[in-house]
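Undergrad: From first to last, the protein sequence lines are chains A and B. Under the UniProt record's numbering, the first residue of the first sequence carries the number 1, and numbering increases by one thereafter. Under the UniProt record's numbering, the first residue of the second sequence carries the number 1, and numbering increases by one thereafter.
These are calculated hints, taken from the structure and not from any lab test. By construction, the Cβ of each residue, glycine as well, lies at the ideal position given by its N, Cα and C atoms. A portion of the hints provided could be inaccurate.
Stated by the list, open to error - Residues from chain A shown here face chain B by an in silico Cβ test under 10 Å; the list is partial:
1. Met22
2. Ala25
3. Pro26
4. Pro83
5. Arg87
6. Glu92
7. Val98
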Amino acid sequence: MRALAGLLLVLAALPLAAQDAMPPAPYAYRQLEDPALEARAQGLMETLRCLKCQSQSIADSDAPMAGDMRHQVRTRIAAGEDPEAIREWMMERYGDYVSYAPVVSRTTWPLFAGPLVLLGIAALLIWRRFRRSA
Amino acid sequence: MRGWRFFLPLGIFALFLGIAGYQLTQPKDDFVHSTMIGRPMPEFAMRPASPDRPGLSLADLKDGTPKLLNIWASWCIPCAAEAPQLAALKAQGAPIVGVAIRDRPEDVAAFLARYGNPFDRIGADDLSELQLAIGSSGVPETFVIDGDGIIRYQHIGDIRASDVPMLMEKLREAGR
Chain A
1 MRALAGLLLV LAALPLAAQD AMPPAPYAYR QLEDPALEAR AQGLMETLRC
51 LKCQSQSIAD SDAPMAGDMR HQVRTRIAAG EDPEAIREWM MERYGDYVSY
101 APVVSRTTWP LFAGPLVLLG IAALLIWRRF RRSA
Chain B
1 MRGWRFFLPL GIFALFLGIA GYQLTQPKDD FVHSTMIGRP MPEFAMRPAS
51 PDRPGLSLAD LKDGTPKLLN IWASWCIPCA AEAPQLAALK AQGAPIVGVA
101 IRDRPEDVAA FLARYGNPFD RIGADDLSEL QLAIGSSGVP ETFVIDGDGI
151 IRYQHIGDIR ASDVPMLMEK LREAGR
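Take the sequences, apply the hints, and build the full model.
TA: Spelled out as structure tokens, the structure:
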């Protein structure tokens, strides 16, 4: 029982120890004053992937690093930068991983081409079958 | 006799099964690697993260000597685990500079007092700005930066004892 309680304490303590004591970045949880700019920032943040959490966007994540990324996105949008330029900047550093918006690239093109090829084959088969029965 | 077409769907299924089976035998790489290897460090200047070491700027990296740039934090547990390996690298003559991510001076000082201080300089990256600029996705990470400020290698995760000779070799390569 005591060992179990100890184990629970250890498990409960680990996530706390892995957090920093610094306050979040100024624009991690604060919206931009201009609603139009905030909407642009939000749109980009929803399609940038959190580097610490794999299946969350930085808009959804409470990881401190995601907060720092939101801060960077918001301050750069406020400075007049284009959202797609910021995405490119991120992808220059982290590759395709960081973008949640699907991008056609050297490794991902079969995902886009595959369904088209299958549709083409299906259309061909159907066309031949109908021609034969007609 | 049925034609080859009859077995085509089975063949395709077997192909997919084969690909999936092959992928299962491959080691999985969960790391997000920086795509900045071979590219220059950005312009930056960071305040000192602890009172007894100077801060860090791009000019400090471009002094002609290759260095290890260790990204760490006092709140990061694997960073404590790699401290003996950093000390070993330092003992073998590797110049090491540190970047403390989201850290308070008093926490940095306490960490260094407890685990040792292998760093010549420690810059404070309060908003993870340098970390994002060089494509680092967590702590700890260790970059090899050559004397011209070009990123030559990225080691992700804590440095194990078996990584020490490899990092020394990367540092030598960066000096050539």
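Undergrad: Let me make sure I understand: some of the numbered hints might not hold for this structure. Which ones are they, in numerical order?
TA: Hints 4 and 5 not satisfied by this model.
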